[in-house]
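Construct the complete structure from the given sequences, taking the supplied hints into account.
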Amino acid sequence: MTFALVSGVVVGAIYGLFAVGIVLVYRGSRVINFAAPALGTFALYLAWTMTHERTTSWWTAAILAILATGAIALLFERLVVQRMHAASPLAIAVATIGLMLLLTAIELLFWDPSPRFLPGPLEGDGIRVAGLVISPTQLLSLVVVAGLGYGLTQFLRRTDFGLGVQAAAMDPAALRLVGVPLAEVSGFVWATGGMLAAIAALLVEPTIGAFGPGFMTQAFFVPSLAAALVGGLDDVNGAFVGGIVVGVLSELTSWAFLGSSVPGASTVAVFILIVVVLLVVPGGLVGALRERLRTNLLATATGGLS
Amino acid sequence: MDLVLKPGVIAFVACLLLVASLAEAFERPDGEPATVAIDDAASPTPEASPSTAASPTPRGSATPSATETATDGATPSATETAGADGDGDTPSTDPSQPQPSPTAGEPSPAPSASTPPSEPPPPVGPREATLYDDDAKTVGITDDRISLCGHAALSLAAAFNTSPDDLNVYWEMVAAQGGIHGRTVDVEWKDDAYSGDTAVTAAENCKSENPFFIMGGIGFDQIPQVRAWAEQNQMLYLHHIAVAPSATPTYSFSLSPTVQAMGEQFGRHIAGQYADRNVGIIWRDSENWRPGRDAGRAVLDAAGVAVVGDHGVGNNQGVYTQQLNDLRTKGADVVWVWENALNAAQIINQASSQGYRPTWVVFPFQTTLDVLSGRDQLQIDGVSSWPSYVEGGYGGAFPEYGFDAEIAAFEQAYATYRPGVEPNDLLWQVWVGNKVLHRMLSDCGPDCNRNRFAGMMLDGYRMQVNPACPVDFADSRSVGNHIGGWRFFSMRSFLHGNNQLAFETTRYCVTSLG
Numbered sequence: 001m002t003f004a005l006v007s008g009v010v011v012g013a014i015y016g017l018f019a020v021g022i023v024l025v026y027r028g029s030r031v032i033n034f035a036a037p038a039l040g041t042f043a044l045y046l047a048w049t050m051t052h053e054r055t056t057s058w059w060t061a062a063i064l065a066i067l068a069t070g071a072i073a074l075l076f077e078r079l080v081v082q083r084m085h086a087a088s089p090l091a092i093a094v095a096t097i098g099l100m101l102l103l104t105a106i107e108l109l110f111w112d113p114s115p116r117f118l119p120g121p122l123e124g125d126g127i128r129v130a131g132l133v134i135s136p137t138q139l140l141s142l143v144v145v146a147g148l149g150y151g152l153t154q155f156l157r158r159t160d161f162g163l164g165v166q167a168a169a170m171d172p173a174a175l176r177l178v179g180v181p182l183a184e185v186s187g188f189v190w191a192t193g194g195m196l197a198a199i200a201a202l203l204v205e206p207t208i209g210a211f212g213p214g215f216m217t218q219a220f221f222v223p224s225l226a227a228a229l230v231g232g233l234d235d236v237n238g239a240f241v242g243g244i245v246v247g248v249l250s251e252l253t254s255w256a257f258l259g260s261s262v263p264g265a266s267t268v269a270v271f272i273l274i275v276v277v278l279l280v281v282p283g284g285l286v287g288a289l290r291e292r293l294r295t296n297l298l299a300t301a302t303g304g305l306s
Numbered sequence: 001m002d003l004v005l006k007p008g009v010i011a012f013v014a015c016l017l018l019v020a021s022l023a024e025a026f027e028r029p030d031g032e033p034a035t036v037a038i039d040d041a042a043s044p045t046p047e048a049s050p051s052t053a054a055s056p057t058p059r060g061s062a063t064p065s066a067t068e069t070a071t072d073g074a075t076p077s078a079t080e081t082a083g084a085d086g087d088g089d090t091p092s093t094d095p096s097q098p099q100p101s102p103t104a105g106e107p108s109p110a111p112s113a114s115t116p117p118s119e120p121p122p123p124v125g126p127r128e129a130t131l132y133d134d135d136a137k138t139v140g141i142t143d144d145r146i147s148l149c150g151h152a153a154l155s156l157a158a159a160f161n162t163s164p165d166d167l168n169v170y171w172e173m174v175a176a177q178g179g180i181h182g183r184t185v186d187v188e189w190k191d192d193a194y195s196g197d198t199a200v201t202a203a204e205n206c207k208s209e210n211p212f213f214i215m216g217g218i219g220f221d222q223i224p225q226v227r228a229w230a231e232q233n234q235m236l237y238l239h240h241i242a243v244a245p246s247a248t249p250t251y252s253f254s255l256s257p258t259v260q261a262m263g264e265q266f267g268r269h270i271a272g273q274y275a276d277r278n279v280g281i282i283w284r285d286s287e288n289w290r291p292g293r294d295a296g297r298a299v300l301d302a303a304g305v306a307v308v309g310d311h312g313v314g315n316n317q318g319v320y321t322q323q324l325n326d327l328r329t330k331g332a333d334v335v336w337v338w339e340n341a342l343n344a345a346q347i348i349n350q351a352s353s354q355g356y357r358p359t360w361v362v363f364p365f366q367t368t369l370d371v372l373s374g375r376d377q378l379q380i381d382g383v384s385s386w387p388s389y390v391e392g393g394y395g396g397a398f399p400e401y402g403f404d405a406e407i408a409a410f411e412q413a414y415a416t417y418r419p420g421v422e423p424n425d426l427l428w429q430v431w432v433g434n435k436v437l438h439r440m441l442s443d444c445g446p447d448c449n450r451n452r453f454a455g456m457m458l459d460g461y462r463m464q465v466n467p468a469c470p471v472d473f474a475d476s477r478s479v480g481n482h483i484g485g486w487r488f489f490s491m492r493s494f495l496h497g498n499n500q501l502a503f504e505t506t507r508y509c510v511t512s513l514g
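Here the protein sequences come in this chain order: A and B.
Read in the working numbering, the first sequence has 188 at position 188, and its numbers run on one by one without any break.
Read in the working numbering, the second sequence has 423 at position 423, and its numbers run on one by one without any break.
One should not assume that every hint holds.
Using C-beta positions, here's what the derived DEER-type ranges look like [what the hints assert, rightly or not]:
| # | chain 1 | residue 1 | chain 2 | residue 2 | range |
| --- | --- | --- | --- | --- | --- |
| 1 | A | P119 | B | G331 | 25 to 33 Å |
| 2 | A | Y150 | B | G355 | 26 to 34 Å |
| 3 | B | D301 | A | I272 | 30 to 38 Å |
| 4 | B | E287 | A | I106 | 26 to 34 Å |
| 5 | A | M170 | B | D376 | 53 to 61 Å |
| 6 | B | E287 | A | G259 | 18 to 26 Å |
| 7 | B | G392 | A | I272 | 51 to 59 Å |
Read the hints as simulated data drawn from the structure, not as lab findings.
Ideal Cβ positions, reconstructed from N, Cα and C, are used throughout, including at glycine.
Put into structure tokens, the structure is as follows:
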């Protein structure tokens, strides 16, 4: 069980990173970006091409792939999202499915569906925790996820632009009146969401072991969306926590149902979690807990004062 | 049987020619008695022993030292005897005999790149089935052309820098040599994107082009859907490996084994090679995959093999940590992965990253090996219904099947017709399959039509053409003579060239890998 917990945290951190990208876009535009994992897969192909055909180092290839993926997301925002400003978020969400399909088609056209493998940036034996070997790349990914989470949170809380991002989806008209550049906010969240998906894909791929066209969508979209929902679609920190919750739940269920005749138990568990969260705490588990904590603190403080 | 006997006069002529061809077959120019060619079941078929390719050198440079015989005791059908060659100039299909070049004397644009089965038409074709009326039975076939259409994951071809047209090099070569009974074979391919629904759409697109029959490429999940569609739409359908139909089909046939038969052979291979080891299984838990695992598991259980872990997984599950950890914890040192190429690669790499390196048993696709890390420490076996391929990696293996000679011809053909295309195991599989189809269309005769073609199989068609395994639609397991592939290969990985991992065939066309 400890093994399942540890592996759940390792996998969940990646779910969390994908989820942050989804949350960020949602906060900035009230749109769920179905193309997030597809952008991650595309980054993998770019990095793979650079490392294999141009003998670029992993780090250089990764940085270029992340930037390129961010640029693609930004391009999509400029060419599609901006032009659909009068459309409903649902319509734009459907457009992101179009982007997902387009990227997969490009992968099929210019690469192919045969499996590819992009080795991680770090080599070595890693460390063993509760029987699970955590590779150097996995350790790196945990550090990167934590660092990105902290940095992004601070940026959103402590800068005017970050506050603008947080407020963008609430009242765009009012925000425009106070001088927040909405177009830049929108471009920022889409580009950052794309780059986060690229980082997540680059960090998780060495663990998965191989990838093909659209692979990240197939394997990571549902748990990532679940992580975003569990954490709260408005809550960047919640997305990380949601990722860990979903990762641990998934691995624990997989462990508990090992050898049973129930197929796909971990997927079913994630779906049940989504339904329960949407029914009971539609604002997200983390948001609800935080609200409860705040209420209790206030009550305590008020009680103390009286 | 849905067969209609042709007029008596044709049958009479057929008998005369049958006697004549048999007499010729038994009398060789040097006066030595010859083995009756063609009928694999009637004449014992050599099965390369496991020791055959157990050489340490790539591609089994050792010549097989012994052969096993395998016979089911069945007698050859009229179809096969009349149609296998038809002219006495037999394409010596007995694999135990040296293989004369079937194209000797024929024009060859690719000097050493042509080994299609010999052409001269049998004077009498097989009996006709009654699937189609007079108009429908000649759909897709004219005096100078046979139109075929296939669904396959075409993007997989692109994986090797090839286009769908590159799959048809064999037919280009045949056309350059005069075609089959004067007909060229044109094959149109539609992408099924590895999806059952898309495959049905692809088949519908095929049908709109009025092909002689539709072919179904690799894909456990696509074929059953297309097969159901083909039955509903009365479309002649030849497909690759698929789960056995629940009822005898009418329009669907296969030259490949069923999913159940493949799974059984995985079990036999493991039980035969690793009986004293702890075995784990990771398998795709879906309706089109599960029957294969069930069949293999039954074999392992019956053989008393210790199956210490047995885990169903979802399609594209992505993370297999729990399953692999369980198998490692329980000491599984042989793991059967009943999954596709991508997922098998992920499973092996994830295990390697955890320091878990059992002997793997997988479907032997080169594309899986190409993405494995730590390849010098991996031991991987393959079980398949097709022979292995490594470019230029031949050197004397399985001469009774003309294995190396055919690879040389295959490479020469691609060098001639597609100089920019690098031969690979996928094209090799297609090449071998096309050669079998060539032989079938040839045996169908100059008056071939869809009823006659189906009738061959329904009548228990048997034949063998190098380097393919014998086809036997009369096998007792062939679901009303609709399944004709009952031979198997085992392979193992080896390092060659620049630390490249590849498969080499260790057993060739055996009836059982046990």
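Verification of the supplied hints:
The hinted range of 25 to 33 Å is satisfied by P119/A and G331/B, whose Cβ atoms lie roughly 29 Å apart. Checked against the given bound of 26 to 34 Å, the beta carbons of Y150/A and G355/B, roughly 32 Å apart, stay inside it. Between D301/B and I272/A the beta carbons are some 34 Å apart, a value that agrees with the proposed interval 30 to 38 Å. At about 32 Å, the beta-carbon gap between E287/B and I106/A stays in the expected band of 26 to 34 Å.
Under the hint 53 to 61 Å, the C-beta atoms of M170/A and D376/B, about 58 Å apart, fit the expected range. Between E287/B and G259/A the C-beta distance comes to about 20 Å, which sits within the given range of 18 to 26 Å. About 54 Å separates the C-beta atoms of G392/B and I272/A, a value consistent with the hinted range of 51 to 59 Å.
In terms of the numbered hints stated before, the structure departs from none.
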